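With the hints as constraints, model all of the structure from the sequences given.
Heads up: the sequence lines are chains L and B, in that order.
With the numbering used here as the guide, the letters of the first sequence map in order to residues 1 to 202.
With the numbering used here as the guide, the letters of the second sequence map in order to residues 1 to 202.
In case anyone wonders, no lab produced these hints; they're calculated from the structure.
Computed footprint of chain B on chain L, listed as stretches where at least three residues anywhere in the stretch have a Cβ under 8 Å from a Cβ of chain B:
(1) 30-38
(2) 106-114
(3) 155-164
(4) 168-181
(5) 185-191
Note that the structure is a prediction, hence the values are computed from the model and not measured.
Ideal Cβ positions, reconstructed from N, Cα and C, are used throughout, including at glycine.
Number of protein chains: 2
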Amino acid sequence: MEHSGLPIKRADAVSNRARIIEVALAVFAERGLDMEMGEIASRADLGIGTLYRHFANREDLLRAILTHTLNDTLAQFHAAAAETIDDPRAALLAFVLVGLRVQQQYGPIFAVMRDPRLRKIFDQTQAQTIRDQFLEVVLSILEGGIKAKLFRSDLDQEVVAATIMGSIMGVHDLFETRWSVEELAQKLVLLHLAMLTRNGNG
Amino acid sequence: MEHSGLPIKRADAVSNRARIIEVALAVFAERGLDMEMGEIASRADLGIGTLYRHFANREDLLRAILTHTLNDTLAQFHAAAAETIDDPRAALLAFVLVGLRVQQQYGPIFAVMRDPRLRKIFDQTQAQTIRDQFLEVVLSILEGGIKAKLFRSDLDQEVVAATIMGSIMGVHDLFETRWSVEELAQKLVLLHLAMLTRNGNG
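Here it is as structure tokens:
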């Protein structure tokens, strides 16, 4: 009974929440961890009271956009993995492509993931869990490649996974303006395959 | 003539400046870009006036610790490269070791290098120049390995360099608490050599 009679208001509330997160991401891209509630309310065309009904304070909203970003990123990784489940090489390319795209989409958020101040705002156990879930996606691609006898099995698979994730950040930061995401992904996967296959040709 | 008669004061000034930077790095590790001049003056046992005589404002001091960090990192990379100039494999290991060590030493600074707010404080042309100098160190190690016919030459060398730099960040963030810097460097270089050599054994 709790929901009855309030369908329109509820739908509004949901769309307000989604709009707040969207606007907060845009404000965050400019102000980083200094983003302020007043600017977000104003750019979302909402009263400050409405904003505070959705998010008790600035830290609460920061946590919400971080969680949104990480969950959406993980969903994109899982979707790409599901589409390429039988082809380890394609799965690797799809992973790298998504990795580069989320860097473009959520760059400012990923940029502060290592900020010391974030430790106070964002629960580190949750952060670790999400990192492990990202790692898990790569590890299962690698496992698929080893089972298919395409990838070598004698490397430390977790270090391989961390290298692949780090390489996406590295090439994005250095070359995002020089090559398209698709070109970068192709170049990067060539290196990954050189690392993962014995004859070095993937 | 400008310097005459002020030797003691000058020496004090130099050591004050060095101490301010040291303290500012420690405060930065806790507060990030929110670090405040008052706290730094107090922890350096200096009057706020003395602090402002060295650094006109907070941004000025932030720029100083960023420049200090990047120059010191580059100097450590160059020193390691100079010691291993005739051995590309040893040069790669030395580079990775220094890369992991500076992540430990200056982690909080590197953590904000991608923060959008930094663009307002830190000249982006200078940042690009420093990134290019880092890249140059790796590129010359790779070139040495190709000349010695140890490393393959058919990969995009800049993407290889970005991958090596990114992989250092990736494994540091994921595994810094699990393995020592030396163990991590060994594991990582094995992967790099798998990527760089045709038979995948380095």
